[in-house]
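J.: Sequence:
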Amino acid sequence: MKRALVAAALFAIGCQGKRLAPEPTDAGEEADPPWVTADREPEPRPGMAWIPPGSLIAGTPPEKLPRVPDEEMAGEQVVMSGFYIDLFPYPNEPGAIPTTNVSQAEAAELCAGQQKRLCTELEWERACKGPQNTAYPYGDTYKPATCMTGSMRNLVPNGVNAGCKSAFGVHDLHGGVWQWTSSQWRRDGSKTNLGTTRGGNAPQGELVGRCANGRGVRSDLRRADVGFRCCAGEPNSFEVVLNVSRGAALTFHPADTKAELARALAPLVPEEIREVVKKRKADHPFEVERIWTWHPLGNEELVLGGGCAKAAGHARCGVVVARMRFDAPVSMAFVPTELWQPTVGETETPRELFVYGGDDNGAFRRRVSYEWGKIGISNKERKKKRKGKKEPTW
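If you read the sequence shown in UniProt numbering, its first letter stands for residue 1, the second for the next number, and so on.
Just so you know, these hints were derived from the structure itself, not from any lab.
Possibly wrong hints are sitting among the right ones.
Below, in silico cross-link-like pairs of lysine to aspartate or glutamate (EDC-like), each with a Cα-Cα straight-line distance of 16 Å or less [as the list claims (entries may be wrong)]: (1) 310 - 289; (2) 383 - 359; (3) 64 - 76; (4) 258 - 287; (5) 310 - 359; (6) 258 - 327; (7) 310 - 275; (8) 258 - 289; (9) 64 - 371; (10) 374 - 301; (11) 380 - 359; (12) 380 - 338; (13) 374 - 256; (14) 310 - 352; (15) 383 - 360; (16) 380 - 360; (17) 64 - 188; (18) 380 - 352; (19) 310 - 287; (20) 310 - 338; (21) 374 - 63; (22) 374 - 360; (23) 143 - 206.
Computed spacing ranges between beta-carbons, pair by pair [to be verified]: (24) 193 - 270: 44 to 54 Å; (25) 380 - 324: 25 to 35 Å; (26) 324 - 106: 27 to 37 Å; (27) 224 - 95: 31 to 41 Å.
Beta carbons are placed, not taken as given, at the ideal position from N, Cα and C, and that holds for glycine.
All chains should be built: construct the whole structure from the sequences, respecting the hints.
T.: Given below as C-alpha cells:
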C-alpha cells in the first residue's frame, strides 16, 4: 500500500515539473524499482542547476537550418545521466564579469578547487537545449535580443540578459564569452591540441547562438573572449567524433546517366514556371537535362538539376538546388537562368559556384553561395570591357 502511494505521489508531482525527495525504506522492504528512483533529484547544490537524466538530440538534423555538417552531429539521440551545472559562467555570481584569459587546463583546475569539474561539450549542449531539445536556449526561433547575439560583445556581467536562460534555468549560455569544456575537438578523425568551446558570440548570431554550435580553440591559449563554467557529478563519457567525407567541389553528370534523379528534380521548379508553361500551352514542360553534384563542405552533398520549359517560342530555364533525403530530393532553391540553358562553374571556394544564363540583354551569371545550409543567390553579373582586353570579361 505504501509503495502504491509513493508511486501515485511521484506521478502527480512529476506532472508539475517537480521531483519527489527520496524517502527512507523500512527495514527489510525492497528498494524502489529503477523507474521510481532513476529521475529523482539529489540534494540541491547552491548556484547550480540539476540536469536530470534524459535524451539529448545532439547536433542538428539535416532538415533543420542553419547547421554545420562537418562540425556537428546529425541529430543523433544520446541518453545521458544526470549532472549539475553552474547557473552562470565562472565565478558563477550574478553581476560578476566572467573570468577569461585561462587555458583549458587552468579552467579545469579552478573548477577542481570548488570540488567541481569542467562540463563535457554534450553536457553543455544538454543544459542549453533543455528537455524539449530546442535549437536555442530559449526556443526554436532565433531571437537576437534575448541573448544579444550577433555582435562581438563578450565581457557582459552575468545575468544582464535576464531572458537568456534555458528551460533548465541555466543562464548566459550565449551572448557573452565562449566557454571551455573538457572535450577535445575531434572532427575529421584527427587528434589535435584543440579544446572544444561552446556558447560565445559573433556577428553570425543565428548560427553561433545555437546550442549545437561549437568551436575548436588551442587548449593552451588564453583569450579575452574565452571563459568557462563548471559541472559536478559523474561525467557523461560521450564524445563528438565526426568522420568527415569530402568530395570534388563540383562534378557534372549527363542527365541520361541519372534519368531517375532528373525526373525527380523536375517537379521542384517554382509554381510560377509551371503556371507560365500552362498558360502558354507548353510544347515541353520543365525537363532536367544536366545534373551536377556539389560538395560545398565536408559531409554535405547537394544535387543541381539544370533545364528549361519551352512554350510558344519562349523558354524559362534555371537550376534546381536540392538535398537528397533518403531517396528523394528536397528543394532548397531555384536559380533562374531565364532564356538560356544553364551551365554551372566553380569559383575560388567550394562554398560558392557560378550559374550562367542569358536574357534579352545577353549573357549573365549569378553567384550561388552555401550559407550554413541555406542557399544564397546574388543579382546578375555581366561581362565588362576592361583596359588592355579585346573581349569583355567577368
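J.: State for each hint whether it applies.
T.: Hints and how they fare:
1. Among the hinted pairs, residue 310 with residue 289 is consistent with the structure: their alpha-carbon atoms are about 13 Å apart, no more than 16 Å.
2. With a CA separation close to 13 Å, the supplied pair residue 383 and residue 359 stays within the 16 Å bound.
3. Note on residue 64 and residue 76: the hinted pairing holds, with a Cα-Cα distance of about 13 Å set against a maximum of 16 Å.
4. For the suggested pair residue 258 and residue 287, the alpha carbons sit about 13 Å apart, so the restraint of at most 16 Å is met.
5. Our distance criterion of 16 Å between C-alpha atoms is met by residue 310 and residue 359, whose separation comes to about 15 Å.
6. With a C-alpha separation of about 13 Å, the suggested pairing of residue 258 with residue 327 holds against the 16 Å cut-off.
7. Of the pairs offered as hints, the one joining residue 310 and residue 275 holds, with about 12 Å between alpha carbons and a cut-off of 16 Å not exceeded.
8. For the given pair, residue 258 sits about 10 Å from residue 289 by alpha-carbon distance, which is consistent with the 16 Å threshold.
9. The hinted pair formed by residue 64 and residue 371 meets the criterion: a straight-line CA distance of about 13 Å does not exceed 16 Å.
10. Restraint check for residue 374 and residue 301: the C-alpha separation of about 13 Å stays at or below 16 Å, so the hint holds.
11. Between residue 380 and residue 359 the CA atoms are separated by roughly 10 Å; this keeps the pair inside 16 Å, and the hint holds.
12. Distance restraint check for residue 380 and residue 338: the Cα-Cα separation of roughly 11 Å lies within the 16 Å cut-off, and the hinted pair is therefore satisfied.
13. Between residue 374 and residue 256 the CA atoms are separated by roughly 28 Å; this puts the pair beyond 16 Å, and the hint is violated.
14. Simply put, residue 310 and residue 352 have alpha-carbon atoms about 29 Å apart, too far for the 16 Å limit, and the pair is violated.
15. A hinted pair counts as satisfied when its Cα atoms are at most 16 Å apart, and residue 383 with residue 360 qualifies at roughly 14 Å.
16. Among the hinted pairs, residue 380 with residue 360 is consistent with the structure: their alpha-carbon atoms are about 13 Å apart, no more than 16 Å.
17. Among the hinted pairs, residue 64 with residue 188 is inconsistent with the structure: their alpha-carbon atoms are about 22 Å apart, more than 16 Å.
18. At roughly 15 Å between alpha-carbon atoms, residue 380 and residue 352 fall within 16 Å of each other, so this suggested pair holds.
19. Annotation: proposed proximity of residue 310 to residue 287 holds, straight-line Cα distance about 9 Å (limit 16 Å).
20. A C-alpha spacing of about 11 Å is found between residue 310 and residue 338, which places the hinted pair at or below 16 Å, so the restraint holds.
21. About 11 Å separates the Cα atoms of residue 374 and residue 63, which keeps this hinted pair within 16 Å; it holds.
22. At roughly 30 Å between alpha-carbon atoms, residue 374 and residue 360 are farther apart than 16 Å, so this suggested pair is violated.
23. In summary, the hint linking residue 143 to residue 206 is supported, as the alpha carbons are separated by about 8 Å, within the 16 Å threshold.
24. In this structure the hint that residue 193 and residue 270 lie 44 to 54 Å apart at CB holds, the actual value being about 49 Å.
25. Our hint of 25 to 35 Å for residue 380 and residue 324 holds, since their Cβ atoms are close to 29 Å apart.
26. Taken as a hint, the range 27 to 37 Å is violated for the pair residue 324 and residue 106, whose Cβ atoms sit roughly 45 Å apart.
27. The hinted range of 31 to 41 Å is not satisfied by residue 224 and residue 95, whose Cβ atoms lie roughly 20 Å apart.
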